Amino acid sequence: MQQVVLGARRFLSSRRRPEPFSSLSAALRVFHEQNDHFLVPYTFQVPQNEPQNAATSQWPEDTRGLNLGREIRKFVDTSSHKMSPEIEETRRQLDAVGFPKIHDWKRFQWDQVSLSALKTYKKIEGDLLVRRSFVVPQGDPQWMRPTWGLKLGSHVEYLRRKREVLAEYQIQDLDDIGFVWVVADYNWDVMFMPALRQYQEFYGHCDVPQKFVVGEDEDEGHVWPKGLRGFRLGAMVNRIRAISAFSKYVDRDRKELEELGFYLNTNDQKWEETILPAFETYHRVYGDCSIPTLFVVPEEGPWPQSTWGIRLGYIAQNIRNRGDFFRQVARDFDKLDHIGFVWNLTAAKWEHGVLPALTTYVLAFGNADVPADFVVPSEDPWPEASRGLKLGELATNPVRRKRFADFIEIDRVQLNALGFFWSAVLDDDISEMAADGARQSSDIQSHKVMLSKRRSLSDDLIIWRGMSAHNVSIQVRQGLSFAMRRRKIWLEIVDVEVQKKTKSIIGQNFEFSTRRMTMSSHGSGASSKLPEVEGVTSEDDTSFPQISQDTRVPEIIEAMIAGLPIQVNTYNNIIIKQLCLIIASELRANAEAGKVLSFILYRDQVPSNRRPCIPTGTESYAIYTDVFESCIQLCDPSIYKHMLSIGVDRYVVWMLFQVFISDTLPLVLRVRFLDLVLVRGCVALVSAMLAYLAWRKEALLQTRTSTEFVACIKQPHADWLTNDKLEAFWTKCVSMHTQAFLDLYMENITRMRLKAVTIARQRDIYEPLVNQHQRDIFHHSHYSWIGFDVDHTLVEYRLPYLLRTSFTQATKELQKNFAGLRTVPPAEWLPSIAQRGIVVDTTRGNFLHLGEDGSIQRAYHGSHEISYYSVSVLYGNTVTKDDNLCGLLGGSSKLIHLHTAADIIYAPLYAWIVDAFDSGVIVTEELGASLYLVPDIIDQPQGNPNDPFLANKVVYVSLSGFALKAARSFYAGAFWKTITTSPDLLIQPNADIITLLELLKTNLGKQLFILTNGSWTHCNTVMQFAVGRNWMNYFDLVVTEANKEVFFDQFNDAFFSELNVEGVANGESVGGRAPKKVVKTLHRRKIYAHGNVKTLMTFFSENARRPTSTHLTVEKDQRICYFGDHLMQDILLPARFTTMWDLVAIVKEIQNIGQPAEAEEASPCWLTRWIYRGAETASPNLRSSFFFLGPSGSASYFGKKVCAAATLCLPSVGKLAHCDSVLKVGTILQGGRYVPNSELGAIPKRVIAKVRSIDPNSSRAGF
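If you're matching positions, the sequence shown starts at 3 in the numbering used here and goes up one per residue.
In case anyone wonders, no lab produced these hints; they're calculated from the structure. Certain hints may be false.
[Stated by the list, open to error] Below, a list of computed lysine-lysine pairs in the DSS-like style, where the Cα atoms sit at most 30 Å apart:
1. Lys103 x Lys124
2. Lys250 x Lys228
3. Lys814 x Lys967
4. Lys351 x Lys337
5. Lys967 x Lys1203
6. Lys337 x Lys272
7. Lys979 x Lys164
8. Lys727 x Lys699
9. Lys337 x Lys257
10. Lys490 x Lys404
All values reported here derive from a predicted model rather than from experimental measurement.
Given the sequences, and given the hints that come with them, work out the whole structure.
So this is what it looks like as structure tokens:
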């Protein structure tokens, strides 16, 4: 055998190829002669057979078939690390043919291609703004030959996008040649701002024409810097103004732009330079600002030259009727009011034309009997503004007088003195008001004195149409007339406000709901007798049947909740009824009353509202009670202290809140407060409550008991608010509604929400807020053992990176399964459904947001939101009082609940493939055998016939399986590899957690344990990095592979298995796993797997510490505290099956409370998406607050469940590190909110070093 081996070696040595480097010089010489460079492509191979061609050099025979590209790279790499005689000889040969000395082939290639091409481009073009489609021309001698055909534009885009992966020398080279990393920075700082400064210097203004190009005006003597010539300054200015481009730079340089006179809005410039000066000049010339419609500014003095020739009359008319220049008018409203700008021509005509004409007629003729054909003559003594007026028709025709109804009422005394005993309304209107029965005649009579301060209804409508909420708010704050009918203005306000959101799902829900209410009222009951279309009652109709308010109010509320997700329950029923009574007194049609009531409540309860105040359930009732009490405490401390001293119950704050909508105030004043609610929101009632306390402060402070305090609030308004004080009281109330109050209210909302979720089930709704602040919500002495989960509890992960990496890999997995997904844009992160607590209905491909009562508040099919009407058709009433989660939505087995941070990537993935299937990108044939893996779906009877999704339920369930598998692909492979090789990419060390463990174990002597589902290998690996190599010294017991899904079940009798971790190091393990031994009893300093809660509790009882003080009971001293992040396995299940465990929920989303969530508006149109193409979509992260549906929405279903089960909710275990293990409510409220990780930035390396430097072994022995 040995002879055979030696023979084989001799044979192989005789066949060995010569050293490949020996022929490099000859091959490179020929390659250089042919290509004029030495940059050999990696795949280049010397041809085996070459035709004879005298024009080119011939390849030597010994180089035939040589892989020249690979061999030259191998030589460069070898020669840079070691030298031998053969390599030195080859080096001398290469020097002879001119081959440069190269130590790094990649750098040589970079210099010869990328850097060379960029330098040449800059030399030719003068800059490095390479357009994306640019390709280096072939055969152009200006370019080095290796760069020919290079797609330089695409290459430049790659360099900008991948800067973080470039070598340092590449970045330095690019910086040296002036490479533009961010084109927007260059366009703004190098081109736009210098060009704009130069333009202002040349022309004296910044009104750049749209077609202006820098340098094209040099024939006018303007010499521009060479680098700016050809820059399209006009187009750039138009982009900034038209589509708000470069908004970041505009904000940064706003001060300089203003100094240059650059206007972001051309209307601002036109207003300030032309229109406003024209109005002011008209006032100086004519003494008023009642501008005729056909007036044109003359081209003469004293009119400013910039105003010559403008049609000022039409501009004024459009400002009144269409709302032109509404932003500028709103800003300069006081200036216009000062010069007497006529907002209402009817008012001006009455004041300057009609009333003076009537006075002159009586003085001239001695009576008030104006003939029907009398026309005011154009002569003295008749006022000039009255001449030509058909005064006879006005005096004899009530229809002609109707437009002046408000002014007739205002000037009633003067008209009566002249002998004109006119009625402000027609006879049928008088009958209507008498039949309405909503107001008492005594109230109207007593308030006539205030009518002289009011303008007409049409004035408010004009301002509302033109200027949004700004100036109508001014009118409402001043107070609309008590005698004014509100129907038109209320419906107009609602219509205009809803029109703003017609394309959003909120607007669509509201529009559809109001149409249903209108159709319902038109087709049933007394409303079917209405004479006009769609059930809308005319104000002039007297045939409307009178229905009692007790009958109408329930009908209106019932119709409202049938069409919108508005929650009506015991917590808000009284408030809603009181609002409905006020509305019904003004609007006689149920459909119209329902529309206004729906608008008020839907706007208050919609998740995007940042200042809600009407409770929707238990959670919000408790939170708003805290908020109201906090506002009283901050704004009126003396009243608050008095309420505490006499023991006033907390529910009294709701009595104070309801003062302005209850019969405590007269109806006319309640109607005016409803005006304020419509334009300012229900939060206006809170500011009014504070004003009420200030108004009645003296009387309230004189009360001696809680009963007297309540009786004082219930006093009739006649006892403390006389008719002559109504206007002063109103002014006091609206003056309290300031921006400072709104900021205070939003801050209190955030703080009280944070308090509510943090103290969880420990809160007491009956305890005053000041007492709550002093209460301990966590104290170490209450617990015998304190336990922790590992992942996302003791070990915190870099969630943005973890979610992004797993999401990207899952997207690729789905693209492998479905070829069509490669032809569509990749999956996008959808913050609206990528949330914990979302319920996924896999039979329909729907994602459901559940309110605290189990009702569906929002729903999505794929990535598209479903209207509330569709949700009602699909699911009906889902409200449940059952705490059993299995009963949710009929107990369907195809519901998926997202409980962990790792779960949430499944939602956008599933939505992506659902959209793909609905659009035909994924076809049924691609699903294969997975269609037959859901037999329980096939056997179910047909459901709702109106459900369009049930036809494809098998497909949707199958797609869900693909999405689940893809979502778990990262954790099944690359996750463990990353943890073991580069843990710093995934794990975010937190020194506060180490501090807490050190405090509990060393300073306080607590007994600590770990209970985790993870394996020992995983637990040990991540804990070593996050806590320290001697992390086990902190814990008296470690339980791994606990299978917590059944661990706490009372029927679980699984044995514990002791792990021999030392056997792994001694080679006694199988496959790297620690050997296990089944045990029946537990011991300290051991590591176990599996097990059950009964055995664990027996161990805890046997090893309970002794009471530390005499006032603690044995039971209290033996309680267990456990920290965990899994909503079901760490919180809800232990709470159900144990009585001695206090659970602390680690919920990262707490740090998002009070932060804005996803936009409520509909997705942008295709034009907007095209304009902003290339903009980054939302990056994967935890963006919801979990406990609430939106920044200020109602409590979520699972959020309420967690709060009811947990003793405490925290965003991180480390939050307890700096409170000496005694946490008070006041500590939570000091900061207002937890700071999210995104604001802290990356943890510096010194923190990681601190974590690694902690050595618990110094004071305790190991396991």
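Cross-check of the supplied hints:
| no. | hint | result |
| --- | --- | --- |
| 1 | Lys103 x Lys124 | holds, 27 Å |
| 2 | Lys250 x Lys228 | holds, 27 Å |
| 3 | Lys814 x Lys967 | holds, 12 Å |
| 4 | Lys351 x Lys337 | holds, 22 Å |
| 5 | Lys967 x Lys1203 | holds, 28 Å |
| 6 | Lys337 x Lys272 | holds, 16 Å |
| 7 | Lys979 x Lys164 | holds, 24 Å |
| 8 | Lys727 x Lys699 | holds, 16 Å |
| 9 | Lys337 x Lys257 | holds, 25 Å |
| 10 | Lys490 x Lys404 | holds, 16 Å |
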